[in-house]
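Those protein sequence lines, which keep their order, are chains U and Z. Heads up: the first sequence begins at 11 in the working numbering, then just goes up one per residue. Heads up: the second sequence begins at 5 in the working numbering, then just goes up one per residue.
It should be emphasised that the hints constitute simulated quantities derived from the structure, not laboratory data. A quick note: this is a predicted structure, and the numbers were derived from the prediction, not measured. There may be inaccurate statements among the hints.
Claimed, not checked - Reference listing, derived: stretches of chain U covered by chain Z, where coverage requires no fewer than 3 residues with Cβ under 8 Å from a Cβ of chain Z:
1) 376–390
2) 410–424
Claimed, not checked - Not everything, but these chain U residues come out facing chain Z in the computed CB check (under 7 Å):
3) S461
4) L472
5) P566
Cβ coordinates follow ideal geometry from the N, Cα and C atoms, glycine included.
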Amino acid sequence: MEFSAPQIAHEVLWPAYVVFGAALLGVLGEAFLPRRRRFVGQVAIATLGLIGGLVGTALVALDLPSVGSDDVAAYGVTTVGDTVALDGPTMFLWGLVLLLGLGGVGLFAERRLESGLSAFAGQAAALPGTEAERKASTEGLDHTEVYPLLMFAVVGMMLFPAANDLLTLFVALEVLSLPLYLLCGLSRRRRLLSQEAAMKYFLLGAFSSGFVIYGIALVYGFSGSMSYAAVTEAVRAGDSGSVLLLTGLGMITVGMLFKVGAVPFHAWTPDVYQGAPTAVTAFMSAATKVAAFGATLRLFYVAFGSERWTWQPMLWVVAIITMLVGAVLAVSQTDVKRMLAYSSIAHTGFILTGLIGLRDTAEVGPAEITSLQAVLFYLVTYSFATLGAFALVGVVRDDSGEVTAMARWAGLGRRSPVVAGVFALFLLSMAGIPLTAGFVGKWAVFAVAVSAGAWPVVVVALASSMIAVFFYVRVILLMYFTADPDPSKAGSADVGVGGDAALAGASSSTEAERGTVTVRSRARVADAVRVETPSLATVVVIAVCVGVTVLLGVMPGPVLDLAGSVGTFIR
Amino acid sequence: MSSAAPWLTILILVPLVGAVATAVLPRGARRESGTLPRVVGLGFSLVTLGLAVALGLSFDNTGGMQFSETYEWIGAFGASYAVGLDGLGLVLLLLTTLLVPVVLVASWDSVGGADGRSPHAFVGWVLALEAAAVAVFLAQDVFFFYVVFEATLIPAYFLIGGFGRPGAARAAVKFLVFQLVGGLILLGGVIGLYVESASAGDPSYLVSDLAGLDLTTGAERWLFVAFFVAFAIKAPMFPVHTWLADTTEKATPGTSVLLVCVLDKIGTYGMIRFCLGLFPEASQWATPVVVIAALVSIVYGALLAIGTDDLMRLIGLTSLSHFGFIVLGIFVLNTQGGTGSILYMLNHGLATAALFLVGGYLVRRRGTSLISELGGVEKSAPVLAGLLLVAGLATLGLPGLSTFVSEFLVLVGAFVYAPWAGVVAVTAIVLAAIYVLWAYQRTMTGPSPVAGAAADAVTPDLTRREIGAVAPLVLLMVLLGFYPMPALDVINPFVEDTLAQVGVVDDAPTVPADTAGEGTE
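In isolation and in its complexed conformation, chain Z is listed as follows (with noise of 0.2 Å):
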């Protein structure tokens, strides 16, 4: 591959023209069937992917920004379009590109066609949010950054509110409203940083120039503050998390999986690009708050999963348990913290995402979301729930599955961080324990709970499209959990980069690839 093409704007170009040409297929003819979008559809998420695939082999694991392109943009505030890509854009484009896929091969008749509704929309608004949001993790610009940013929350929008379940439009609205919100905070930060840059000379956007602006303690606190609210909200961290449970629970699980997969993990990209990129001083002066926040959001989103019994709704929350794993290992400024937080973001992104497409299936077989009205799975559909369980375990970080690898890593960061923090973490195995495989006692073993006609009602196995769409997942968190140097050799070096930056001078740098290799064994 030579790097003389402009191989990153074509990647955010191909799904953009996918959506486009999906958009504008010809309807009415297959209206019932609707294939045709779903074909060119996921046509386009492949070529996509062997792209990100071919960038990811003939990436150099050494380090540094590659790929770069800088254009010029709109002079007059500094900004540029400039993509690049460095360990962290690549292991979360390669998650992106391939959960798109996934999600159009889970969601092949689940929505659109069957019920109705033209499956073009949907079809065209997952490419549309698949070209944002590797724009997003590509950007090296803020500006460009923020504008992209921004963009995804249109098509997640149309995605929850068009084609969810009854509510689906208020969650929709409830989401669009938080991610906003959080937005115009960001825009804050975004225009003071315009200012203090404009004010040191020459006003620019770029991640490069503006990682050397000398700012004053007080700017660099408040600029520190708008970014790290916004990807709280993004992210989603307690106590700004409430919009997450109720999109997951009205949403399609595919629309469920971009969301929580592929958007909130912008949060924490943005920290670590953005919160300790640019302001590494401020980033120290808030770790305790950070790390504090992060520790509430752990115990408590697992309390909350546990409390809940809508299946959907619990996923959606064990997520936010997830997110303060990743934030805690972001903020411990550790290697070992930075390392596990960003394996975790790639290791959630498969474990949840097999979780909400499984329970999509269980949700639409049944035609109930709640746990009290489902039971006894096990029996008539096997690989259902052998899937469920094997998507949960990888959840409660079971030694053997790449959740666990990560998760022991962002353990080790707390507590070498400090010992209290890495108690409380630990508290989060064994409520992950009990929401993951409680759930599962309730949905899946037993007798079903519902009287009568619906009793006997034999819930069907997966079909071998069903199984397709959630292999890969399945396969990946098997491979990395017993060998994960690829994704490590990737993540290492940029953490090394990104902490020498924040200027925290660590004592083992070492440590994390040989921990994880023990850990696997």
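So that you can see chain U by itself, here it is in the shape it has in the complex (with noise of 0.2 Å):
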């Protein structure tokens, strides 16, 4: 057997090695850099080769090569040996990937909420309370491996949607995971829960790789090639009911719902969004789903486009029950970061709503919205709610750190106008109020999957809206409406973003309610809650979240544009 060469398109690729390139200098950085300059240059690397892949995707994205056809219009190449596709999409979510990282490199960056050190464990080898531990905490010790670490998981984020062929696939789904299983486990606070929750995803993420891989070598069975543009042939040429060939499609589903978080394979989601570190459920909440959702859809829309007829109606049942166990269960919540959480699972439901929504391109006029745009356009608005609402949770403080049980933000708004104000913009926003970014993008992943004849769907997702509504309303009834269980010792510092006034304006309502005896009764034993300045870096990140929901809940359509001009994926 004759081994050539593959081709490598560097002069398309290079955005991928800045920021590659910045993660290893990083690893470089924690063994040379003397400790106290490790926490600046570490932050300078992480940001410089963000905004280097960024400044690069968007070089490379205005540049790339038309391949399409009269009908369908599609940019980009496939290199190395085809197993990497460099086409439009790819480049929307490469852009926003980066965009995610740059926030949470600057949520990772935050040391003023914890009195100069940061959110992550001194030594995280020190088992919780031990001597070690204590000593690492007492010198001030920081974990700046984390900065790395994401710049690792950005890059196989970077890869995972870009992935043409399944094992490349597979490659990037471990090399954005087992950054991701590590920094979960890194919490300074709450040590045990963080470790839990990084087992836990760990485990189930490992079994779920199992799923995949299994699943490949079975469709590699079926159709003798691990490249998408093979199986897309073999499907079409062979028999669509092999057992070889869907029994390997639902294990690498198995895998990829896994990483969506949609139900049946949610479990982990709001113990490890719950028990990380704030800053990386965060980044990993929102960053994690634009990746695994680009490498869904080109999974679905290239490999099995062919057997569309197969995974449609799987998908149906899965968005359903997904956006109504994440709806319901998300109303009994009491913690808000595990209420985020089950939103977010939610949300997953939305999304693959509109990734159901798949048409084939003869039946889509050409002044119609696409699935693919619709999802594109979605995971935007998803993504900025949720990293300004959980850099948001990681503001509500009290001595023991963060607070988040539910019960406890009573009478936030009041206190702290702004930062109530904000939350309630990036709730309203989940929960796709007019004016807000989210209900552009919950009516674009509705629209496709109406044109696309699924309107159970749609109508069992209109119900969940409906749910979700309930739960997000609750928490800006309590923060407005609720008598504050500690006013004695309010006069809190209030975070200097910008925000609705008007909305802050509203905040000098009092009300006491029946049903918060439970509320005051356990804020009196605990200490005040109050929202504490954090660093410019945490500033700019929720200032940004906010402008972009505002901003395409008023104005979407540049990036709805800009969603619907990628083109298609290229084969």
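Assembly of the complex is requested from the two constituent chains, each provided in isolation within its own frame, with the hints serving as guidance.
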């Protein structure tokens, strides 16, 4: 057998090299930089790497060769022996992931809230409650490895949606997952919870990876090739009812649905989102979903596009139960992070609704919105609202760290009108209220699903939106209209981020509500909840998320058009 | 007024700017009085009213869409920013812009300041609500309409929850959940319209484009149901009315006025504009069911109002009955009913607003809204009692007051549609007399039911400011009661156009104006 070196299109791949290089440089920095310079050095390397990647992505995206036909626009190249497809959707997702990575770095670099320390454990290897841990903490040790880890995860997330070959898909999946498993366990506070989350995530993640690789083997057995193009050909030519194909498709789907957090593979989501350091949750919940949906889109549209009649009914069912389970379980949550986790499950269902809106290009009118366009746009709206919401959870604190018990957020609207107003904005966006980005996103995914005839799914989606509205509004009610549990200790600093002045104005309301007795008695024993002023980086991240959420709610045209102009996936 | 300037956009922007300006006004030094935000807010609302009146004066009575502006907004959705003014929109625009300054004057010292709360938020939210409501009545693009339709909920939610009586937060949540459920059903309809419009060619949300859309019978009926259910929740109609009474009971009177007299009109407005305008065949198909639901609303709302012991709740429930009349008038699909309905929307706004505000004055003086604990107010506060009586008589449709004209027209429309419908609707006149006069008798006449010191406490009469706030409403009621032609001149061409769109051949299109003239003499 003769081996020929693959052609590699470096001129298109280089943004990924920049990010990967920055990650490697970070590892070197960890080894050679003196301890007190490491923080600044690592943040600088990560930021520059991500910005470089972003600029590169923009430059490359503008210069992609057109490969589409007259009917269908498509841009890009496949390279490295057709295992990586660098096309319009890839570039869009790269840009989004890199932006979220920058947001993640901003949140990771938050050191003001813990009085000069980051939110990450001083020495992860030290057992909780031991002398070693105390020592690490008194010496003010910091895990600056989190930045290279984040960068590696970003590299994986860039490769994941670009994977045009089943094996590349698997490699990217692992590259993005392993750093995240680690990051989840690195919390400085509540370490056991954090480590438990990491353990759960790792075990279940490994298990789901097993499913993926087994599925890949079966599909290989059916098609005789790893490449998406060859799989499509085999599916089109061969027996679509083949047991090998169906089982393989099913098992790969299990792994993908695990990554996006769809029911019934969602069980890890609330535990991991709650246990992980909030900055990690913010980054992970936003960026992982973007990358995983990018990969899922390509997998289903390109590799199994001709098998659509097999997987669409399955995704109908998954989307329906994901939305319902996510929304219903979120109602009963008493912890803000867990509530956001279940809400993210419900959003997975909404994105899946957009995904099953796939139609043949011939059926879609020239001015009509496409399924890909809708899903890409929804990912933008969802990821920024989520990043911002988790970032805000990080600044509501008491003496023992973040306060995530929902009951203790009561009265926040009066004491910290801007924070409560901004959080309310993110919640309204997730609930899909008009003039926020979430509404436009929801409209888009529902519209493509109805166009594709999936109206039963959309009916369920509307029903779960109604349920979801209930728990989002409940938090707003709690923040604004429920009596302050500890008024004597009021007088907190406010985050200086721009917010809705009118919303802030309503904070003057006072209202003694029944049913908050438990709230008050619990709050009395604990110390005062306050909003602490975070560092500039966090403020900027939150402000950008607010800006995106409002701007895409009022003027979504440019981003929608951008998502529509990326063309289809190339094969 | 030159038609080149974007007057309608300015009309939306003025209150919006006012809302932001009020919210960012300095607080602190004059916190106890809080006069500044009130003055600024009132100024902005009066400018809006002035603009609306000026537009009304230069409105061409022959009908059609005027002052239109259309700009592309979200190309991918086919959505535009499109506003325009026709007879229906003008009536509701004038009602809205009139009620906002009235509410601000009436709530001058009852919200904020005195009870230690800053009035900034109240005034700001009221103006924000005005901007959204004005945009709703001007919108000529279904997507833009939906956006502002939902946007009204946010200020309404904060107005109910933030400033009412104890339990208002719960009422605010009930309100919001009902409205958002309606909103999501409407969203289903809006998306369905896009799909239909896209499959017919170029997706467009402009009402003018959609009206010409050729829908299959099935699709049209489904879309009609989605739109109608959403508007029925908004209006509200039996059986989706339960949020109304709770809200009016707990919210401040000013908030209730804006909710019932302005926001709820969006429901009936939407039925005319979208249900009749976009789905004419389905509207005819659904008429029997809708008429029955409207009749149930009329009678059931009146019975509930008779049975309630809370004055503010009672006023809310009378509106259920009145919205039944409005819907009945719309769906009997003849000119009498249609004209009567639109006029009813205006008159109900005036009469109910007066009732809420005067009732609110009384409740504030006596510290209770329970009818059984009120009484004997007439002696110590004759002006208050007199105004309550006038507003109450307007509510029950006394000839000489404006509501009579509209109620009469709707009843004529109902008899033309089917005698049994007219007979059922007429019973409401008797029931209305019971709930208004009985409530008046129990609250105003006789001795005060509370024994001891409280009984001796004299209820102070209305101040000049309080009278001044209600006076324009009463004047208009009397004026339109004797001479409804200015309103009818605007409404009639619109109704004829709409019914032509629905495809109803009417026997006597000239009847309404004549009947109205005779009825008031």
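Each hint tested on the structure:
1. 376–390: n = 4 at 8 Å, threshold three: holds.
2. 410–424: violated (count 0)
3. S461: Result: holds, 5 Å to nearest chain Z Cβ.
4. L472: Holds, because the Cβ-Cβ distance from L472 (chain U) to chain Z comes to roughly 5 Å (cut-off 7 Å).
5. P566: Holds, about 6 Å.
Checked against the numbered hints given earlier, the structure breaks only hint 2 and satisfies all the rest.
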